[in-house]
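Peer 1: If you want the building blocks of each chain, they are given just below.
Number of protein chains: 2
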Amino acid sequence: MKQPVRIAVTGAAGNISYSLLFKIASGELLGKDQPIILQLLEVEDSMERLKGVAMELEDCAFNLLHEISLHSNPNTAFAGAHYAFLIGAKPRGKGMERADLLMANAKIFSEQGKALNNYANPDIKALVVGNPANTNCLILSRNAPDINPNQFSAMTRLDHNRTTGLLANKLAINPEDIDGLCVWGNHSATMYPDIHNAIAYDSHDIIDLVDYAWYQEELIAKIQQRGAEIIQQRGLSSAASAAQAAIDQMRDWILGSDDRLVSMGVMSDGSYGIAEGIYYSFPVVCRFGRYEIIQDISINNFGTDMMKATENELLEEKQLIEHLLPKETEDNYKKVFVQDNDGSNLENFYYRANKI
Amino acid sequence: MKQPVRIAVTGAAGNISYSLLFKIASGELLGKDQPIILQLLEVEDSMERLKGVAMELEDCAFNLLHEISLHSNPNTAFAGAHYAFLIGAKPRGKGMERADLLMANAKIFSEQGKALNNYANPDIKALVVGNPANTNCLILSRNAPDINPNQFSAMTRLDHNRTTGLLANKLAINPEDIDGLCVWGNHSATMYPDIHNAIAYDSHDIIDLVDYAWYQEELIAKIQQRGAEIIQQRGLSSAASAAQAAIDQMRDWILGSDDRLVSMGVMSDGSYGIAEGIYYSFPVVCRFGRYEIIQDISINNFGTDMMKATENELLEEKQLIEHLLPKETEDNYKKVFVQDNDGSNLENFYYRANKI
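Protein chains in written order, with the working numbering: chain Y, -17 to 338; chain R, -17 to 338.
You may find that some hints are simply not true.
Pairs count within a copy or across copies, as identical chains cannot be separated in the list.
Stated by the list, open to error - Distance condition first, Cα-Cα at most 27 Å in a straight line; then the derived BS3-like pairs of lysine-lysine:
#1 Lys309 x Lys76
#2 Lys33 x Lys300
#3 Lys204 x Lys152
#4 Lys33 x Lys204
None of these hints come from the bench; they were simulated from the model.
Start from the sequences, fold in the hints, and give me the full structure.
Peer 2: This is the structure we're talking about:
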């Protein structure tokens, strides 16, 4: 039998985790033959509820679930973790300014970054789901100087899946028959869902199959506002679909995306002229436990403007919290480039990764 | 590619369904190669929320999910359904007597039984999760005279899984290394979790590994009261673990339990001296899409008393709603015995089943 892997989840008593944990424990993340240890983190006030969730996990008699531990201290929650889902974040309160929200989360993710740096398995992969996810991911990474920035990722798979789902529905085809679409930039209302390079059935350009005005004027806005629409409809924010997207993004990252293009918020290496040093959603393919940013996507003027707008938002967010971060060192800067993106030079790729 | 199967779910905007639907759509029920059509039923007041759930299902871009339809009429919700999860039920309101609760649910399940009878696929398998599950299942079955009573089942797998999980934790062994335990009777505080025949690692009698007083005085009460304990801890009733148990019970029923003993609330055929004509949880093995009640379990005096108490509760529940039910005909009675329980005579087994 395989050795169990340690999976840390923060915000573990919240709604997204309530969907996520049972999927992880049943084998949806790593397969039906991979035992799991769950290390769950919550704030003190939620420990009673968290205990209830742990009891329900016990009540499922999952064969793969070897151990559950509950933590209010990130240092112990992340100890030895191979994978981490960072779901807990401070939600925007009434009358809260964007800067206040960023600051409140900077505090949480700085502490968790340090904990990951000092206590997690050095091979950790950490997925940030808690919003503002991209900038939270940056804070996490900057506070974990010993961990390669390409071991962190912000979740934009929900936006990617939403675009795929809505497009499949529009075209009345199966989601698996669509490939090549992506979501660029920030997981926020500025994100840019891009279907210009999407194909159906490996051969048909989707952009020719839909009305361009519908795409530009309706679909993009619908994806950007989908979260708000769900809240209005359900009275609660997306939880089950967010959990599924978290599973999808992490599973593809770990086990590979089968040569399919997926979207991930990753450390920008300057590809497509996007500023380095921010976590930006790019089109990627995952293999060998790593992502590679796809380089040959053609962008039209509309796309360039959209990509710039969401980049600017991320740079503004970064500026608002920059003073709280450890200095960006030459060393940090180098690590950003460890990721080999042309996919052609795997020997070099591993060599450089191993130097870290 | 396989033809899609139609799965109807009632109470589809509720908390259990919110965990269940995403598991079904991701292939946890029938495997990663079986396309699904979801037919979701809710009361009028919850249709807006249900639409939100459907949107989230769309947002997951599940390859297996070919169609979702939303219904407030059970006749259309169950049309052509191959499998049904009956989750929606009237919860006990403040100051509500048990008889009132049974009556309120009798109305719901009578209507749904007729709808299943008239519109579902004749091979339907229907699992009742909504409480009081056993008696709701009886009402359903009696209102569906053209459907064999062994095509209905009440969910006691949650109790079975809870017993397995707690016992595995106590013994510090894996749940899959435990077999042979079962839960008898009603899914209520009178249920009887029986570990007298449970074995660990195919060879060790578990009853010899635990303190008998602990089993009798602590474990049984803990399982009986587990639902209340979860509510106290989480502030909400069990949803994710109930959904997982529903998946487990239905999957084993359809695809087989791999010769493992599981508990299902099924129409009593008089086995172990339990009165015929009530849905009672028995130890069963599932194969060929059918359950068989295991006949050779030895019962001690303690067990006999426990089994009788929970049987009596079910007979009382039946008496309270009997006047609302269609008459029990000779034909109903015969159908109860279609199920061949010795497992030795499969030709006869099928022959008799095909006569229905």
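Peer 1: Each of the hints needs a verdict: does it hold here or not?
Peer 2: Hints and how they fare:
Proximity of Lys309 to Lys76 under the C-alpha cut-off of 27 Å is found in neither arrangement, the shortest distances being 32 Å within a copy and 59 Å between copies. For the identical chains of this complex, Lys33 and Lys300 are neighbours neither inside a copy (36 Å) nor across copies (37 Å), given an alpha-carbon limit of 27 Å. Taking identical chains as interchangeable, the C-alpha atoms of Lys204 and Lys152 lie at most 27 Å apart only when both belong to the same chain, with a minimum of 13 Å there against 50 Å between chains. In this assembly of identical chains, the alpha carbons of Lys33 and Lys204 lie at most 27 Å apart only when taken from different copies (16 Å versus 38 Å within one copy).
In summary, the numbered hints that this structure violates are 1 and 2.
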